[in-house]
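Asker: These are the residues of each chain, in order.
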Amino acid sequence: MSISIDQSKCIGCRRCHDVCPGTLIKINEDKKAFIKYPKDCWGCTSCIKECPVHAIQFFLGEDIGGKGSKVHTEKVKGEKNDIVRWFFELNDGSVKTIDIDPKESNKY
Amino acid sequence: MKIEKIKTGLLIIGGGTAGCYAAITAAGIRDVANNAASNAAENKGDGLKILVVEKANIKRSGCLAAGVNALNAYITEGRTPKDYVDYAKKDADGIVREDLLYSISEKFNEVTAHLEKLGLVILKDKDGKYVTRGNRNIKINGENIKPILAAAVAKAPNVQVLNHVNIFDFSVHDNKIDGAFGFGIENDTFYAIEADAVIVATGGASGLYRPNNPGFSRHKMWYPPFNTGAGYAMGIRHGAEMTTFEMRFIALRCKDTIAPTGTLAQGVGAKQVNALGEVYETKYGISTSERVYGTVAENLEGRGPCYLRTVGISPEQEESLLKAYLNMAPSQTIRWIENDTPSKANVEIEGTEPYIVGGHTASGYWVDTNRATTIEGLYAAGDVAGGAPQKYVTGALAEGEIAAKSAVEYINATVDRHAPLQGARNDVETEATIKEAEIASHVAEIETYLSQKNSLYTTEQLEEAMQIAMDEYAGGITTGYGYTEKQLNIAKEKIDEIESLTGKLSATDLQEVMYIYELKERLTVCKSVIAHLATRHETRWHSFAENLDYPEKDNANFRKYVNSRLENGEIKIILRDLTAEGQKNYEHQH
Ligand SMILES: Cc1cc2nc3c(=O)[nH]c(=O)nc-3n(C[C@H](O)[C@H](O)[C@H](O)COP(=O)(O)OP(=O)(O)OC[C@H]3O[C@@H](n4cnc5c(N)ncnc54)[C@H](O)[C@@H]3O)c2cc1C
Ligand code: SF4
Ligand code: SF4
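Which chain is which? The protein sequence lines are A and B, in order. Residue numbering for the first sequence follows the numbering used here, starting at 311 and increasing by one per position. Residue numbering for the second sequence follows the numbering used here, starting at 3 and increasing by one per position.
Bear in mind the hints are in silico, worked out from the structure with no lab data behind them. Keep in mind that a hint or two might mislead.
[Stated by the list, open to error] Simulated crosslink set (SDA-like; lysine to any residue; CA at most 20 Å straight-line):
id : chain 1 : residue 1 : chain 2 : residue 2
1  : A       : 377       : B       : 347
2  : B       : 285       : B       : 553
3  : A       : 377       : B       : 324
[To be verified] Listing some non-contacts, in silico: residues in chain A with all C-beta distances to chain B over 10 Å:
id : residue
4  : 314
5  : 315
6  : 317
7  : 319
8  : 320
9  : 321
10 : 322
11 : 323
12 : 363
13 : 386
14 : 392
15 : 403
Fair warning: this is a prediction, and the values are worked out from it, not measured in the lab. Yeah, the Cβ is synthetic: ideal placement off N, Cα and C, and Gly gets one too.
One chain only, chain A, in its complex shape (with noise of 0.2 Å):
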């Protein structure tokens, strides 16, 4: 599992190389950022979260069973307060999303 970056929509703001826990994403010339080390993501979504453009999506390898989903959130307005609606890009090109009320605590 490990995340891909759409790097014609990155703005080159560094969030996502800040906060990654393995500090695994680097920075290009072009101040674009790219996964370095693929293989080392701990798919913590760290990085998804930072970002302001919504420029990483996350996936499932192959080896563990993953079928081409790409998954990113996005901040928006609800009823009280801003909540964070996940993205989820399916293979055949549907898409998905799930509503999280960062002020309700886990059911479970």
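For this one, chain A is given, so just place chain B with the ligands on it according to the hints.
Answerer: This is chain B with the ligands only, laid out in the frame that chain A set:
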């Protein structure tokens, strides 16, 4: 490579759960000796100068990076700290330090209240009481727990944070610590840090054994792959006493995604079932290690694969599960979305490779009740500290607090605030010369890795070789976690061989140099693990320490702590008597 020398009062190595909380605690203590060394011109505040050194960035580093699901250690209404101590003791079949367990259990609720004040969302009922999950857990939204802690560190006075700096050695003279050495993994700088006291909080060790999925997803593991056992290794090499490395931790996880199973078991009451649909958990017992063992045994006896039975849960339960996993282990939610959801298909489970982690089992530094290690001036907190299993987040925070208070007390007692800068002139000079020589030798070693070329093996290849040796000969997944003395001897030989090859490795930058040091740390820890496994001639904890030569428990001889210390390059084993029932204080005998 630039060389930077830093003087500080309290050095905290590792800005994770325990390290951050130690920094916040120490910064809050105002009554601190202002010693000449620590209070150089750059120290503007009037308190103690505190330096946190973190190999990543404290905002999302360590165990808490992805978020946590619950606070697993809390004293719920009607329960007492003693109940928690009894639970942890039973789960570890007696091999715990009650004094350590008491000291954290008495603080669980205090640190929880503090976390809530710092901004952690904790679920409450209509009367404003925390909602519990089982007897010891409370429900939270723990996705942002690490950013919350990091923000509190940023606000704490006198705390400086060095991010992306990897510490690889302590500076110890006459069994007293006076600082540490590290390097910036991206800024080409070597750091020589002097400190009056040091707290080590680098977490446990993953990556010793071949992981569940050694290919592309090799880092899809439970424990952070970036916690490489640096704290253990540095202590071992400087002769610190260590305890209970034979009590490995193996997590029972959702297959492939290595996501936690507790949320399924406790959240929706899912039972462990084999391929025939039979509930097997009752057959083997429900302690942490027995749950793993039962799953291994069912597979060996031809009744695998094993599952958590989730089929039939309600749509509401299913939705809550999908969300709960997004907050702590998003891979599992993706898995469900790509395949059948938990109401339609049971969730397959497996045991992970073994880890060494003092927050779940009892392995780590042998500390006194104040979290002082056997090296003077060095304190340990969190997963790196031994003796107190089932510590979890709140226990790591509690230990961070205890270690910080002890370290500050030590600084107050030992650092003379009126001492003139150059006391006995000659001593100072010899000390300075020793330091310079040490810095030069470390820098030379790093530069050798950076300059030598044509290494036959890569760091990655040696790491894999180590993991295979541990897997096959020291009780990894391949052997169902079991091992014999003969196998352990082979493991030791192989680890020694691999270690002898590390000197020729090459690196192109300091991040790759870090990978070499991480490998060497893991090899050091492996050797201790093997020595400990070989000592406990019994099987007290299935899977965690499954000694096939001695398949039974031996209370007559092994109700003891297995401790060890490196002496003249050899691992010396020390069997120590268990602390007394209800004992609340333990001091090192000097
Ligand atoms: C995936 C996962 C989920 C968990 N879920 C829960 C839960 O839901 N509830 C619960 O109560 N507990 C949970 N736990 C347990 C709990 O999170 C840990 O026990 C606790 O956070 C450990 O704290 P620590 O400070 O010892 O380690 P960490 O928080 O990991 O801190 C160690 C720090 O040291 C740094 N470091 C390591 N080596 C070096 C070096 N050489 N130089 C500089 N820095 C270094 C690391 O980058 C890291 O920041 C979970 C653990 C994991 C791994
Ligand atoms: S998911 Fe985590 S480990 Fe992987 S690149 Fe992003 S921040 Fe780093
Ligand atoms: S956070 Fe996003 S925009 Fe910023 S550098 Fe990383 S990928 Fe680019």
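Asker: None of the hints should be skipped; say for each whether it holds.
Answerer: Consistency of the hints with the structure:
no.	hint	in the structure
1	A:377 with B:347	17 Å, holds
2	B:285 with B:553	18 Å, holds
3	A:377 with B:324	18 Å, holds
4	314	13 Å, holds
5	315	17 Å, holds
6	317	20 Å, holds
7	319	20 Å, holds
8	320	19 Å, holds
9	321	19 Å, holds
10	322	16 Å, holds
11	323	14 Å, holds
12	363	19 Å, holds
13	386	15 Å, holds
14	392	12 Å, holds
15	403	14 Å, holds
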